[in-house]
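Visitor: Here is what each chain is made of, one letter per residue.
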Amino acid sequence: MFLNVEGDHVIGVTPQRSHYVTKGTLCAKGWTIPELLRGHGRLASPLIKKEDKFRKISWETALDEIVSRFKKLIIKYGPESIGIFSSAKATNEENYLMMKFARGAIGTNNIDHCARLCHSSTVTGLVKAFGSGAMTNSQNEIEDAKAILLTGSNPTEQHPMVGAKIRRAVEKGTKLIVVDPRRIPLSRFAYLYLGQKPGTDVAWINGMIKIIVDEGWVNEDFIKSRTENYEGLVSAVKKYTPSEVKKITGIPERLLYQAAEAYAKSETGMIVYGMGITQHITGTDNVTGLANLAMVTGHIGKQFTGVNPLRGHNNVQGACDMGALPNFLTGYQKVNIKEVREKFEKAWGVKIPDTPGMTITEMIDGAGSGKIKGLIIMGENPLLSDPHINHVKESLKKLEFLVVIELFMTETAEIADVVLPSASFAEKDGTFTNTDRAVQRIRQAVPEFGESLPDWKIISELSKRFGLKMDYRCPEEVMDEIASLTPIYGGINYKRLEKEKYLQWPCADKNSKGTSYLHEKEFPRGKGYFNPVEFTEPDEVPDKEFPMVLTTGRIYYHWHTGTMTRKVGTLEREVSEGFVEINPFDAGKRKIKNSENVKIISRRGELVTKALVTERVPEGVVFIPFHFAEAAANLLTNPAVDREAKIPEFKVCSVKIEKM
Amino acid sequence: MKLQIKKISRENLFKLIDSLCSEFEVIAPVKTGGDIFFNHIKNSSDITLDYINAVESPKRFFFPQIELMFKMDLNELKTLVDKEERKTRKKLIFGIRTCDLKAINGVDRFFSGERTDSYYQKLRQNTVVVNFLCNECAPECFCTAIPGETLYCDGYDLRLSGLEDGYLIEAETEAGKEILKKNRLLFSETEKRDFKLREENVKILEEKIKRNNPFAKTIENLRKGKVSSKAWENIALSCQDCGGCCYVCPVCTCYNTIEDFENELIKRYRYWDSCLFSGFSRMVHAYNPIPTPGERLKYRFMHRLKYFEERYSSAGCTGCGRCDVVCLGDIGTGAVLMKIKNKEPKCSRSL
Chain U
1 MFLNVEGDHV IGVTPQRSHY VTKGTLCAKG WTIPELLRGH GRLASPLIKK EDKFRKISWE
61 TALDEIVSRF KKLIIKYGPE SIGIFSSAKA TNEENYLMMK FARGAIGTNN IDHCARLCHS
121 STVTGLVKAF GSGAMTNSQN EIEDAKAILL TGSNPTEQHP MVGAKIRRAV EKGTKLIVVD
181 PRRIPLSRFA YLYLGQKPGT DVAWINGMIK IIVDEGWVNE DFIKSRTENY EGLVSAVKKY
241 TPSEVKKITG IPERLLYQAA EAYAKSETGM IVYGMGITQH ITGTDNVTGL ANLAMVTGHI
301 GKQFTGVNPL RGHNNVQGAC DMGALPNFLT GYQKVNIKEV REKFEKAWGV KIPDTPGMTI
361 TEMIDGAGSG KIKGLIIMGE NPLLSDPHIN HVKESLKKLE FLVVIELFMT ETAEIADVVL
421 PSASFAEKDG TFTNTDRAVQ RIRQAVPEFG ESLPDWKIIS ELSKRFGLKM DYRCPEEVMD
481 EIASLTPIYG GINYKRLEKE KYLQWPCADK NSKGTSYLHE KEFPRGKGYF NPVEFTEPDE
541 VPDKEFPMVL TTGRIYYHWH TGTMTRKVGT LEREVSEGFV EINPFDAGKR KIKNSENVKI
601 ISRRGELVTK ALVTERVPEG VVFIPFHFAE AAANLLTNPA VDREAKIPEF KVCSVKIEKM
Chain W
1001 MKLQIKKISR ENLFKLIDSL CSEFEVIAPV KTGGDIFFNH IKNSSDITLD YINAVESPKR
1061 FFFPQIELMF KMDLNELKTL VDKEERKTRK KLIFGIRTCD LKAINGVDRF FSGERTDSYY
1121 QKLRQNTVVV NFLCNECAPE CFCTAIPGET LYCDGYDLRL SGLEDGYLIE AETEAGKEIL
1181 KKNRLLFSET EKRDFKLREE NVKILEEKIK RNNPFAKTIE NLRKGKVSSK AWENIALSCQ
1241 DCGGCCYVCP VCTCYNTIED FENELIKRYR YWDSCLFSGF SRMVHAYNPI PTPGERLKYR
1301 FMHRLKYFEE RYSSAGCTGC GRCDVVCLGD IGTGAVLMKI KNKEPKCSRS L
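Just so you know, the sequences run in chain order U and W.
Read in order, the letters of the first sequence correspond to residues 1 to 660 in this note's numbering.
Read in order, the letters of the second sequence correspond to residues 1001 to 1351 in this note's numbering.
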């Protein structure tokens, strides 16, 4: 998008027709960016908390205070007592510097970011199956897939560009299969709609594979030449007969059969999924299950054909690529491999700790248990975005020192000791990597708001004070360093981005044109591996006391914890309060009327919000969007995590509903 | 007022633009990263003449997407004039296509009619408008497919028409004539065949656009209310609530306001709005007189293609086709008219 600027102010936005994905379109959140950038509520100077009140201080004082407090903690408790949340909203360069700061300046691998809460199970699952965890196709290929299996994702609202492309594909003749507990808008365009019970994904995925194997719709050539452990998979899916799957998921046998047939028999087939798949204690299993499904049919490694997790934040793909993760350096190079560490140590001139650090969820628990004493949170709002908020708040309050780097005074910033104001995307240079692995430039359009500074400058200043020099004159120099240390970014630099507009990794060197779809001839791990998975129940299942299933998610007009979108007049007018979607049957049973306030209670908390009586949700299931602080869905959610990816089970917990 | 008509070579046209840049704040089509925008230029080397139309109309220059209306000090209960008051240097917008000229005429009547909008006036006044007739159309263009519309429109100060060996330049207003007079050394006299050639070009293009968009009859049916509610609802299923059609529409003028409180200071802004958002027409107790997406879409079409023209005697839709380009649901004006014509809500018009 282009920002229209008058003086120091953004007065409008214009979509970019020549953009390879958007082709001149924007969603409501893009169109209303100028309302956000009017700057209302922006933090204009560093703040320090004294006697429970924030006071303005200078940058020098703020940075010196942070450094002296953290140094004391490191001396007393060791570097492992420090944790860092990097940000999927910040640029690649900033995430790279943050991870360099954590590992090089502080000396800890305790760095993570919100991908932990959205797609960490995609990374663990797809790495096990293929060796790399990203969208295997490009967004533009969607329109030409012959079959699309869309599950656990509501792209019309959460990825409007993808939603539009899927609808367009259907109009061109694509068979769309939607598997989702909620009747999402795209289900009206679907060839088949399968409504499964929340948390039963492994069962229907295995059930589809069984049908495909039994009917002989498998791609034998592909299985023989490109995969391993097919026999293991076949024996594991044996018991998932259509009737057994119906018992577990509620999906009628005939629909499951039709879905398996439509997906397997089509010439090209794409799986598109979102957090409905990943945010479960079986998140990794769900993802590997989908990878199995793609591999038995050979629906991977071709144009219009593959497995496509839809990433959420503007730069969540990039934050992962940059190694803002406890176990990876840039480009998914493992931190526990000596040669990898040595490469970075040589470039940075410091030692890097050799054992993987703590995840976001572990750091929050660690703050509660006393393992983590100091935390830096950049552009994240865990007091609204993380499960079981009461626990998060208790834990963070036990920290000896909390620093929050933010645009606005968020719920999390409120409890910080020092708050640093950072510059918005319109006020700095850098790159973002989008969901289809395309690295693109952002350019400064207006000066920094107030005294705010871009994150890369803040991190550089902090790092310098810890003794690790970061004398970058501009983000371009940071990207050159990233490229020199990261094989998949090897050929990416600002000069090329200026000319070519975008480059999709892997892009190994200056001659590489980038890669629009992955795994054409070989998987990164060599052969694709069938990891058999078994259905297990969600951590919490409905019982007498808590008879309903709560599933959480997002709505079109708001983004994440609403820190930004709730300040945008147009968006806030469209939906200005939280709600709970409840099926007419369940509402009738409790004599709950539309728009009436109801109380929702889980084992961890309760909230009061408006009932929205709708058939979008099936009987026994309620849905609450998590954007709204005054009716925060995450007061209720279950912090139980996937054993491999440590992603919390946002999508299933048990609740009861009371009429007020 | 009598028209004054001259001829100018391509080379001299650039000289004219340079001369205009010294006198006016010139806004002209500029190529930025593969897209064409109206933007401020310093001299003729910034401009591109190789364009069909800009991504957006010049509406933004008179009616910005977001605008600070005033500040108020609560202590003194005094409205403060914004320090950064806009420059009122004379503006010249160069290269406006006829669709956008029609739009400016319409917005002028809306904002300067019975009720004057001083914010609009301030930015609109002292602006010289240079119309540049089209000689090619884009896939989304449907201006002359609207009954009664042609490629010509009054309301310009100067008008350029491309010929093989230069341009016709016509002055309709005093401001336009003044420019011709000041730069008289750059012009030559016209010949009869120049007009003939222009007439031919215009006719060919008008017919081509009509052929590409055979929905004149559909528009008449729509104006008579002959499109069923079911058809509107079916079409609106594809709407993704982005508001883009209204934002990008050169004739749309709806805005909303917001007040920001910062201690004792209140700032009021106004910003573009869209009638396709359900909140636009929502009233107390979530009552909505235009409750469904289909009804909202119908209302927008009726307003653009019927009511506006009835009230302001000026086209409410100029056929620029920008709503077709920005629409995530592929239901911009041209696409919807084709769907209605073909009784096929699901078929998309491919651009």
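No lab work stands behind these hints, which were simulated from the structure alone.
These numbers come from a predicted model, not from an experiment.
Please note: incorrect hints may appear among the correct ones.
As the list claims (entries may be wrong) - From chain U, some residues computed to sit far from chain W (all C-beta separations above 12 angstroms):
id	residue
1	G24
2	E51
3	E157
Unchecked claim - Derived CB-CB ranges, DEER-like:
id	chain 1	residue 1	chain 2	residue 2	range
4	U	G620	W	G1034	44 to 54 angstroms
5	W	S1022	U	E6	21 to 31 angstroms
6	W	G1033	U	K351	15 to 25 angstroms
7	U	S484	W	I1052	41 to 51 angstroms
8	W	N1043	U	K351	37 to 47 angstroms
9	U	S595	W	Y1152	45 to 55 angstroms
10	U	W59	W	S1009	56 to 66 angstroms
11	W	G1034	U	K469	52 to 62 angstroms
12	W	N1075	U	E6	21 to 31 angstroms
13	W	G1033	U	E51	44 to 54 angstroms
14	W	G1034	U	Y77	50 to 60 angstroms
In this text, a Cβ means the ideal position worked out from N, Cα and C, and glycines have one as well.
Visitor: A range of 21 to 31 angstroms was offered for this pair. Does it hold for the Cβ distance of S1022(W) and E6(U)?
Guide: Given a distance of about 22 angstroms, which is inside 21 to 31 angstroms, the answer is holds.
Visitor: Would you say the C-beta atoms of G1034(W) and Y77(U) sit inside 50 to 60 angstroms of each other?
Guide: Hint holds: Cβ distance 54 angstroms, inside 50 to 60 angstroms.
Visitor: Could you tell me whether the CB distance from N1043(W) to K351(U) stays inside 37 to 47 angstroms?
Guide: Cβ of N1043(W) to Cβ of K351(U): about 57 angstroms, so the range 37 to 47 angstroms is violated.
Visitor: Can you let me know if the beta-carbon spacing of G1033(W) and E51(U) is within 44 to 54 angstroms?
Guide: holds (52 angstroms)
Visitor: Take a look at whether the Cβ-Cβ distance between G620(U) and G1034(W) falls inside 44 to 54 angstroms.
Guide: Since G620(U) and G1034(W) have Cβ atoms about 51 angstroms apart, the given range 44 to 54 angstroms holds.
Visitor: Quick one: are G1033(W) and K351(U) within 15 to 25 angstroms, going by C-beta?
Guide: Hint violated: Cβ distance 44 angstroms, outside 15 to 25 angstroms.
Visitor: Does the Cβ pair W59(U), S1009(W) satisfy 56 to 66 angstroms?
Guide: For W59(U) and S1009(W) the Cβ distance comes to about 59 angstroms; the hint holds.
Visitor: Verify this label for me: E51(U) is non-interface relative to chain W, using a Cβ-Cβ cutoff of 12 angstroms.
Guide: Non-interface label stands for E51(U): nearest chain W Cβ at 21 angstroms, farther than 12 angstroms.
Visitor: For the range 21 to 31 angstroms, tell me whether the beta carbons of N1075(W) and E6(U) fit it or not.
Guide: About 29 angstroms separates the Cβ atoms of N1075(W) and E6(U), which means 21 to 31 angstroms holds.
Visitor: Is the gap between the beta carbons of G1034(W) and K469(U) within 52 to 62 angstroms?
Guide: Between G1034(W) and K469(U), where Cβ atoms are some 39 angstroms apart, the hint is violated.
Visitor: Grab the minimum beta-carbon distance between E157(U) and chain W and tell me whether it stays above 12 angstroms.
Guide: Per Cβ check, E157(U) is inside 12 angstroms of chain W; nearest 9 angstroms; violated.
Visitor: Mind verifying the non-interface call on G24(U)? Its CB should be farther than 12 angstroms from each CB in chain W.
Guide: Non-interface label on G24(U) violated, nearest chain W Cβ at 5 angstroms vs cutoff 12 angstroms.
Of the hints listed earlier, those the structure fails to meet are numbers 1, 3, 6, 8, 11, in rising order.
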